[in-house]
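First to last, the protein sequences are chains A and B. Take the first sequence: its position 242, counting from 1, is numbered 242 in this note's numbering, and each next residue is one higher. Take the second sequence: its position 304, counting from 1, is numbered 304 in this note's numbering, and each next residue is one higher.
If you're looking for bench data, these hints aren't it; they were derived computationally from the structure. Among the hints, erroneous ones may be present.
The list treats identical chains as interchangeable, and a pair is accepted whether it falls inside one copy or across any two copies.
Claimed, not checked - In silico EDC-like links for lysine to aspartate or glutamate, alpha-carbon gap of 16 angstroms or less:
id : residue 1 : residue 2
1  : 221       : 127
2  : 187       : 399
3  : 316       : 339
4  : 87        : 59
5  : 259       : 244
6  : 242       : 402
7  : 91        : 63
8  : 20        : 59
9  : 220       : 244
10 : 52        : 17
11 : 272       : 339
12 : 87        : 56
13 : 49        : 59
14 : 87        : 63
15 : 20        : 56
16 : 366       : 174
17 : 392       : 367
18 : 194       : 176
19 : 221       : 314
20 : 320       : 105
21 : 405       : 114
2 protein chains.
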Amino acid sequence: MALIVQKYGGTSVANTERIKTVAERAVSTAMKGNQVIIVVSAMAGETDKLIKLAHEITDMPDEREMDLLLSSGERITSALTAIAIQKLGYKSMSFTGRQVGIITDSSHTKAMIEHIEAGRLKTALDEGKIPVIAGFQGINEFSDVTTLGRGGSDTTAVAIAAALKADLCEIYTDVEGVYTTDPRIVKEARKLNKISYDEMLEMASLGAKVLHGRSVEFAKKYNVPLVVRSSFNEAPGTLVTKEDGDMEKIVVSGVAADKNQARITIMGVPDKPGIAGGIFNEIAGANIVVDMIVQNVSSDTKATDMSFTVSKSDSKKAFKIAKNVSDRLGAKGVNMNTEVAKVSIVGVGMVSHFGVAAKMFETLAKEGINIMMISTSEIKISCVIDVSHAGKAIKVLHDVFELAKH
Amino acid sequence: MALIVQKYGGTSVANTERIKTVAERAVSTAMKGNQVIIVVSAMAGETDKLIKLAHEITDMPDEREMDLLLSSGERITSALTAIAIQKLGYKSMSFTGRQVGIITDSSHTKAMIEHIEAGRLKTALDEGKIPVIAGFQGINEFSDVTTLGRGGSDTTAVAIAAALKADLCEIYTDVEGVYTTDPRIVKEARKLNKISYDEMLEMASLGAKVLHGRSVEFAKKYNVPLVVRSSFNEAPGTLVTKEDGDMEKIVVSGVAADKNQARITIMGVPDKPGIAGGIFNEIAGANIVVDMIVQNVSSDTKATDMSFTVSKSDSKKAFKIAKNVSDRLGAKGVNMNTEVAKVSIVGVGMVSHFGVAAKMFETLAKEGINIMMISTSEIKISCVIDVSHAGKAIKVLHDVFELAKH
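Looking at chain A on its own, in the form it has when it is part of the complex (with noise of 0.2 angstroms):
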């Protein structure tokens, strides 16, 4: 008897045809011999209602009251889901976060978290019930409601597999697994059987929005294996799992772009030691996850540029954060650009490969796409261009690398 995490992805709960079919797939993996446990997200659309609601009312509300109002989507999910699997015959029985036992830090809006208490998910689990579980939610010391932050459901499913050292976590989504590439981009794009966690983890930094980060994060750190894979049919999907020896002899096994970046510059910081540290601190301290970082050299020697991207959400707040340093050290002024993309290649192949970058670089130069940003790590090397020509970047890279090949 195996323990199985089953994650359903908005599109996979849109509406309560969607919701029964999940409730007949929960229930046919219960009746196999398995104990079940599921992690649902708010129906396709209500995130973005409810997001539209307090943006209504003020620009920037108040991140505790945007975790409260945000998990009901999924509270509303594991309800109704709970419903259908009942009403196939099944025990169940919805959980909130609060009632998992997941307990979170206070960084209200992408909270971390830092235990969870299953008692009650394991007795459930031994009277025979499938348990569904709200997605995205926690609760911190103060009894308040957290949020896990983008991709949270995913996380909460990876967590909750970590902590029952469940046998297997699989990610239900609206495609069949983890491609080379965007296929809605790239038509020649090839889905993957198999693919190391660090490679994942780019993959996901980088807008693949297949599985997110901190989920896959989660699942290497506690060797959870992954399957991501369609609620829409019976494809087997790609396996998330640790590196081995075939997939070393792919250099680039993914090409990604990520659209939802914003680039800060402060102009004319003056060039002394502990600056960097002075800014990034101080965005940090507001939470905001600071992705790549650029420090031009001047041909003015006392002053530098200073270059970084975050995700569009943290945008306004990030730049007023940047604007106050700015004024504060006597830079010459901040610029954003929120028209811009990450554009990444992704392979555990690349560290013992030569000329990969010169490879990518030269690519793009030859369609004429300018280069605003790199940066690179031993399995990833990302370029920030032009919002504009991501696509073409994407289809030029995957051709290049030959990823359609086998």
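Since chain A is already given, all that's left is putting chain B on it; use the hints.
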């Protein structure tokens, strides 16, 4: 400095524009030197939308799951209202039923409040915040979400007012107060400046939807002064308070019709002692409130017909129980009529005046309206009639008891 609890119903928070208006009224009340607590309902239509989703899955959804589902609506409004108050520069904070500490029994979908641990609420008031409470909900001993049934947000408001010994509890709705009858049906209907708890209790139980019976009981028990008024203007509303000398001069203060009733008749029940107790024990065990009960004398002395009314929402469940009981007792069968209305007249003066009942029956008879069931209390007379006659009955009774006159 007074402590004022303000409760806003669904139409008062139907969209973000109205929520902003609610925030303005709350802040303006606070600016006059009062401490203010807000209790909110779900945005108009939200609860019905959620019920519809559950019923797309099954006719009889589990009640624990329904509570989790339905409690979401009020949570959404409380977060949005807190955000709107903050936007006006005033401190505010949302509270779920759990965060207030509203502890109820486990009768899901119609839980009773057992006690309120208002510690955190008091702290928020001391910190100069306007707390915004999600109405309608609490938690039981297992930390499961419960809801308080129809009109539950009124109950939340009055219970909070009682627990914190508030000076006033204002119930904001889309009408200007309590009327002698429904002004949409009888244009001569007159707004009452004052009404006793007992009269309001009868009016509420009769479907004068302006205030729920349980909240009035609570208010009477703890002597909480209630004001029913409109959130759309500054009209003073109706004060619901203890009886005083003035009130007793008026024989009939109001006429009401309740169309949310179903009549169930068990035919040919063996006429033995203890049968009635058995039937209604079983119905009570399913947490169904029975309103009127009439046992008809039968020409057949060994059997009798037993009729009772329940709310339409309970009717399917009650019918099923009645059917089982009927089969077990060897009764002749069960029928149900959901096309009925209960028409009632209410007044504290009624107890000391003769002939009120006779006048009511005569008036209905003159209009050719058949009376199916009758029940009376010291301050109320109710008749069950065909729903198609409800409007006419209200009009002629309002007229014959001269309710339009001061």
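A quick look at each hint next to the structure:
{"no.": "1", "hint": "221 <-> 127", "in the structure": "neither (30 angstroms within a copy, 42 angstroms between copies)"}
{"no.": "2", "hint": "187 <-> 399", "in the structure": "within (11 angstroms within a copy, 76 angstroms between copies)"}
{"no.": "3", "hint": "316 <-> 339", "in the structure": "within (14 angstroms within a copy, 58 angstroms between copies)"}
{"no.": "4", "hint": "87 <-> 59", "in the structure": "between (42 angstroms within a copy, 9 angstroms between copies)"}
{"no.": "5", "hint": "259 <-> 244", "in the structure": "neither (31 angstroms within a copy, 70 angstroms between copies)"}
{"no.": "6", "hint": "242 <-> 402", "in the structure": "neither (24 angstroms within a copy, 84 angstroms between copies)"}
{"no.": "7", "hint": "91 <-> 63", "in the structure": "between (36 angstroms within a copy, 14 angstroms between copies)"}
{"no.": "8", "hint": "20 <-> 59", "in the structure": "between (37 angstroms within a copy, 14 angstroms between copies)"}
{"no.": "9", "hint": "220 <-> 244", "in the structure": "within (14 angstroms within a copy, 73 angstroms between copies)"}
{"no.": "10", "hint": "52 <-> 17", "in the structure": "between (26 angstroms within a copy, 13 angstroms between copies)"}
{"no.": "11", "hint": "272 <-> 339", "in the structure": "neither (30 angstroms within a copy, 83 angstroms between copies)"}
{"no.": "12", "hint": "87 <-> 56", "in the structure": "between (38 angstroms within a copy, 11 angstroms between copies)"}
{"no.": "13", "hint": "49 <-> 59", "in the structure": "within (15 angstroms within a copy, 28 angstroms between copies)"}
{"no.": "14", "hint": "87 <-> 63", "in the structure": "between (37 angstroms within a copy, 13 angstroms between copies)"}
{"no.": "15", "hint": "20 <-> 56", "in the structure": "between (33 angstroms within a copy, 10 angstroms between copies)"}
{"no.": "16", "hint": "366 <-> 174", "in the structure": "neither (35 angstroms within a copy, 67 angstroms between copies)"}
{"no.": "17", "hint": "392 <-> 367", "in the structure": "within (8 angstroms within a copy, 80 angstroms between copies)"}
{"no.": "18", "hint": "194 <-> 176", "in the structure": "within (13 angstroms within a copy, 66 angstroms between copies)"}
{"no.": "19", "hint": "221 <-> 314", "in the structure": "neither (27 angstroms within a copy, 51 angstroms between copies)"}
{"no.": "20", "hint": "320 <-> 105", "in the structure": "neither (25 angstroms within a copy, 49 angstroms between copies)"}
{"no.": "21", "hint": "405 <-> 114", "in the structure": "neither (43 angstroms within a copy, 67 angstroms between copies)"}
The structure is inconsistent with the numbered hints 1, 5, 6, 11, 16, 19, 20, 21, although it conforms to all the rest.
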